[in-house]
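Take the two lone chains, each set in its own frame, and fit them into one complex as the hints suggest.
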Amino acid sequence: MSPVKIAIRDVGKVFRVRGADRPFTALEHIDLDVREGEFLTLVGPSGCGKSTLLDLVAGLTEPSTGEILIDGRAISGPGLDRGIVFQQYALLPWRTALGNVEFGLEAKGVPRRERAERARHFLGLVGLTGFERRYPHELSGGMRQRVAIARSLAFDPDVLLMDEPFAALDAQTRESLQEELLRIWGKTGKTVVFITHGIDEAVYLGQRVAVMSSRPGRITEVIEVAFDSREGDLRADPAFGEYRHHIWTRLRDEAATAHHEEATPVG
Amino acid sequence: MADTLTTPATPATPATPATSATPAGPTASAASAASASSSPSAGLTAPGAPDRAAPPYGVRETSAPGRAPGRGGVLLARARLVAQRVTAVLLLLAVWEAAPRAGLVDRVFVPPVSEVAAAWWDLALGGALGEHLAASLARSLSGFGLAIVVAIPLGLLIGWYKPVADFLGPVLELFRNTSAVALLPVFVLIFGLDETSKITFVLYACTWPILLNTISGVKTVEPLLIKSARSLGLGPVALFQKVVLPAAVPTIFTGVRLAGAYAILVLLFAEMVGAKAGLGFLINDAQANFRIHDMYAGIITISVLGLLFNLLLVTVERRFSTWRTT
Chain A
1 MSPVKIAIRD VGKVFRVRGA DRPFTALEHI DLDVREGEFL TLVGPSGCGK STLLDLVAGL
61 TEPSTGEILI DGRAISGPGL DRGIVFQQYA LLPWRTALGN VEFGLEAKGV PRRERAERAR
121 HFLGLVGLTG FERRYPHELS GGMRQRVAIA RSLAFDPDVL LMDEPFAALD AQTRESLQEE
181 LLRIWGKTGK TVVFITHGID EAVYLGQRVA VMSSRPGRIT EVIEVAFDSR EGDLRADPAF
241 GEYRHHIWTR LRDEAATAHH EEATPVG
Chain B
1 MADTLTTPAT PATPATPATS ATPAGPTASA ASAASASSSP SAGLTAPGAP DRAAPPYGVR
61 ETSAPGRAPG RGGVLLARAR LVAQRVTAVL LLLAVWEAAP RAGLVDRVFV PPVSEVAAAW
121 WDLALGGALG EHLAASLARS LSGFGLAIVV AIPLGLLIGW YKPVADFLGP VLELFRNTSA
181 VALLPVFVLI FGLDETSKIT FVLYACTWPI LLNTISGVKT VEPLLIKSAR SLGLGPVALF
241 QKVVLPAAVP TIFTGVRLAG AYAILVLLFA EMVGAKAGLG FLINDAQANF RIHDMYAGII
301 TISVLGLLFN LLLVTVERRF STWRTT
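Protein chains in written order, with the numbering used here: chain A, 1 to 267; chain B, 1 to 326.
Isolated chain B, as found in the complex (with noise of 0.2 Å):
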């Protein structure tokens, strides 16, 4: 189920900063792809003199009609937007409630939500929640973070010496295509069922988004920036200090978001499989000794949670790749 999200991005197309649908506001992707397209009058401004001495009045104009309509009109559709985004959760809600109540299903399996939210205040309260949390957390940032520190060095590597790319190749897809989840018992089998396993999978689920983003990233530099910079007499290193890695960045990126996904994703399942504290351990509990509302409370955290970390990923990949619009 994780292979939905394998696809690494398409650098081809750098038009889009995030390849995947996001989440977060597109409003903002959408003022800025309209700003970004500056109006090809902007460079006809006189030569010579007058040229020099223009302020960028005019050139501010041009390069920025997606604020043409106003401060006024701009809140206006956002808040429109932010509605319509929030009446659809709402209405998702309301069935939730209401489909219980009313006989719809069975409200031993599908307990109203209001119950549901209490469910999840009390085992906050109690503190299972934050133990279980906790532990979730630890696991996921530590195979996350390491699969960044093991992976995009890695990736540079590879997607410098061609050679090895076109060596290595075919066994990357075809990793890249086996299913991570597929993998576990083996992970299981090899490290045992305490956190070492767990990490172990979450570092290796999030590797391969990280590795094949960060390999085409390398690979499907402009050429003609690398001829450039060539021309300018630059060595093998700073050519790759100066050029290569700063184009990569955003490919890099994409490859870190959709891994932040995986680690949260996998680890679900690693934690279903032998673990003593944990989201999906606190799921899976719950759901054995048929504490239905628990198990709500629990996959509720999980996706809000899973929810956070992707927004927080897209904040940070904006920021790097904010020159990536044209």
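Next up, chain A with everything else stripped away, as it sits in the complex (with noise of 0.2 Å):
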């Protein structure tokens, strides 16, 4: 088995919050281990603090409590060995397609001739040579979130983070870039923590499967996922339908509590 990449260690956060008394635990006791090279995916109702975590584990806020390792050696902060690709793009605007991939390399350092020249391969690797000079604009929601992985990759990681990027694209569009996400992931080799609300997608995309349920966000379980083969409609496997149905009435049972109490009047 591969050693461990990631290592979550009993992470806690707790928010405080403006106006009311006690402060909002948003993530509580998680343990967690990703290994190298895999694809782990997160998945989880809105509001349980999947992206709390991504945050965590990309360094741009500290645990509470706990702590996250990375090759064993504990975080400070963002760091290149870690890329994210976020919902909504956060592509630079006034940048090209392939200036938006040079950023990254950019802030790694890379001399500038590499640079371009970096960036065009690793737009090619996610099917844009000939959009190079497109502004975001220009890019239909698809494409831009290929811009966005492009540049994720092309300052290589070793660790992808990625934050539902597929949720604001149309069914079509996500099932093609799933696809070709998989494509890749099997090409370079990446450990990627894959976020997402979509069942249908954890399970088609990761090798394991973290469920988490929310006030706080607690991860409840981790299911291997493994299909005979991936050849074919595996949407159709039904295997898949077994683990998409596990899932599915473990988030039911949540949802079910979680809405208990929120009928219930606290304090």
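There may be inaccurate statements among the hints.
Said to hold, decoys possible - DSSO-like mimics (lysine-lysine), calculated; alpha carbons at most 30 Å apart, straight line:
no.	chain 1	residue 1	chain 2	residue 2
1	A	Lys187	B	Lys227
2	B	Lys162	B	Lys276
3	B	Lys276	B	Lys227
4	A	Lys108	B	Lys162
5	B	Lys227	A	Lys108
6	B	Lys227	B	Lys242
7	A	Lys108	A	Lys187
8	B	Lys242	B	Lys219
9	B	Lys219	A	Lys108
10	B	Lys242	A	Lys108
11	B	Lys227	B	Lys162
Said to hold, decoys possible - Away from chain B, derived, C-beta distances all over 12 Å, residues of chain A:
no.	residue
12	Val4
13	Pro23
14	Phe24
15	Asp31
16	Gly37
17	Gly79
18	Pro111
19	Arg113
20	Arg218
21	Thr220
22	Val225
23	Ala239
24	Gly241
Treat the hints as calculated values from the structure; they're not laboratory data. Beta carbons are placed, not taken as given, at the ideal position from N, Cα and C, and that holds for glycine.
Put into structure tokens, the structure is as follows:
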């Protein structure tokens, strides 16, 4: 088995809420290991703290309790060993597709000449050869997300953190991008942590699926997903349906509990 | 009266590059807005190899639906629009010509436009108009230029340091809502009646729109862009230089354009109070000495000057904000 790449140890995150007496516990007792080269999906209802967890791993915020290790070392802030892909692309609108991919390379200090070459290569990898000079507003949502993925791949991070990257796309575009992401993952061997609220997406993409509950955000189960074969229409595979149903039931039970708690006056 | 223009650009709606009504052709902006709404089907190009091999042909079609009706249709539409606008102006001139002749208005106070044009021509040939124009332009451009040099860095500073912005906010709001013209007597008191007071006055009036737009431009940079840049490990300096500044440029430019309009507008007031040259002086002096034709010649000059200046700034602004269409 591959070594552990990301180790999340008893991580909690508490936010102080303005105007409220008590702080808000977004995450509690999160324990999770992500192995090197693994594709892990994190599924949970909206507001369960998925993005908060991703921000912690990215080093954009610090955990209130516990620690996060990458390659055995505690993380200290953001770094180019991790690349993030956001749902809303986060492309610089005044830069072309090429310029956007180069942006990460500039941060890394790659020499100017090499930048354009590498940016071109990665735009090609995501299927955008010929679109280098387009501005984000001249591209469709799916293409923008491809640019964002290329940008994150270009500076060659070990870990790719993806925060519901396909949620804003239409179903067809999403499916084609899922397929491509798997292809790219197979080619580059990155460790991927992929957040989604879509159960199908989680099962389709993940080697393992971590299921999260909300209030406070916790990981309730980690499911190994294995198919005999990934050929053909995977979503029609009976095993796919079983995984899907299993997670669905779990999330529904959670939702029912959460709803119950919400209905009960607090304090 | 300058107050109507004082509203700074609201960057909350980045969809409109120009906040106030601009006389420049809406044809261009409409076309660019249309081409900006790239169809979502553009992303549907098949995954994998065919996608990569495909030239951008398919997308070129979808991303430029504005050109769909063909060149001829567009030209025709544009010609129609130009005709529409010219018609309105011609109509105005016709009324101006006919009304005094028909005795609808007093010919002494509102002479026909043809007579005004003749007077303008005489003034221009005699060199007087050129002198006045040069004096006005020198003051306007000095004040305007100084305002750019002062207000943009100051605005960047205030906008970037949130505590400073919060601290100065109420004061800025107060000054913003005080018409510069109301403060003209103060400027005359402090700086006297010479060039210094006029240039400072223009500088003062032009500073506000630029300053306020720069501040809001910096403050309203899309937080996700900052987050994304931070995740790449960018330090504060690089973040400012590569993300905040370019993101703020269009908003800053809207302020610059507003200031451009002020530069000419408020100068007139200054020149009417105590000056020996300048278009404001010309208009006032001509009126006082009952050279009514010259007065109108001065007025026409100033309005055409304002129009051209704004047109120039709109063009420059558009160059800097081409990306701001989504």
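Worksheet entry | Distance restraint between lysine 242(B) and lysine 219(B), which requires alpha-carbon spacing of 30 Å or less | 15 Å, holds
Discussion item. Hint check: lysine 219(B) vs lysine 108(A), CA-CA at most 30 Å. Holds or violated?
Written reply: 27 Å, holds
Item to complete: Could you grab the alpha-carbon distance between lysine 227(B) and lysine 108(A) and see if it respects the 30 Å cut-off?
Response: Answer holds: lysine 227(B) to lysine 108(A) is near 17 Å, not above 30 Å.
Worksheet item: Can we confirm that no CB of chain B comes within 12 Å of the CB of arginine 218(A)?
Response: The assertion about arginine 218(A) holds, with a minimum of 25 Å to chain B.
Fill in: 30 Å limit on alpha-carbon distance, applied to hinted pair lysine 162(B) and lysine 276(B)
Not OK: lysine 162(B) and lysine 276(B) at ~45 Å, beyond 30 Å, violated.
Worksheet item: Minimum Cβ separation between glycine 79(A) and chain B greater than 12 Å?
Response: 6 Å, violated
Discussion item. Does aspartate 31(A) clear chain B by more than 12 Å, comparing its Cβ with all Cβ atoms of that chain?
Written reply: Per Cβ check, aspartate 31(A) is outside 12 Å of chain B; nearest 24 Å; holds.
Practice prompt. Please settle this one: proline 111(A) was flagged as non-interface, so is its CB more than 12 Å from every CB on chain B?
Written response: The claim holds: proline 111(A) sits with its nearest Cβ about 17 Å from chain B, beyond 12 Å.
Worksheet item: Any Cβ of chain B at or closer than 12 Å to threonine 220(A), or is the non-interface label fine?
Response: Since the minimum Cβ distance to chain B is about 28 Å, threonine 220(A) lies beyond 12 Å and the statement holds.
Fill in: Claimed clearance of chain B by valine 4(A), with the beta carbon kept past 12 Å
Holds, because the least Cβ-Cβ distance between valine 4(A) and chain B comes to about 22 Å, which exceeds 12 Å.
Item to complete: Verify that the Cβ of arginine 113(A) lies farther than 12 Å from every Cβ atom of chain B, and report whether the claim holds or is violated.
Response: 19 Å, holds
Worksheet entry | Given hint lysine 108(A) paired with lysine 242(B) - CA-CA distance at most 30 Å | Satisfied, since the Cα-Cα distance of roughly 14 Å is no more than 30 Å.
Of the numbered hints listed earlier, those contradicted by the structure are 2, 3 and 17.
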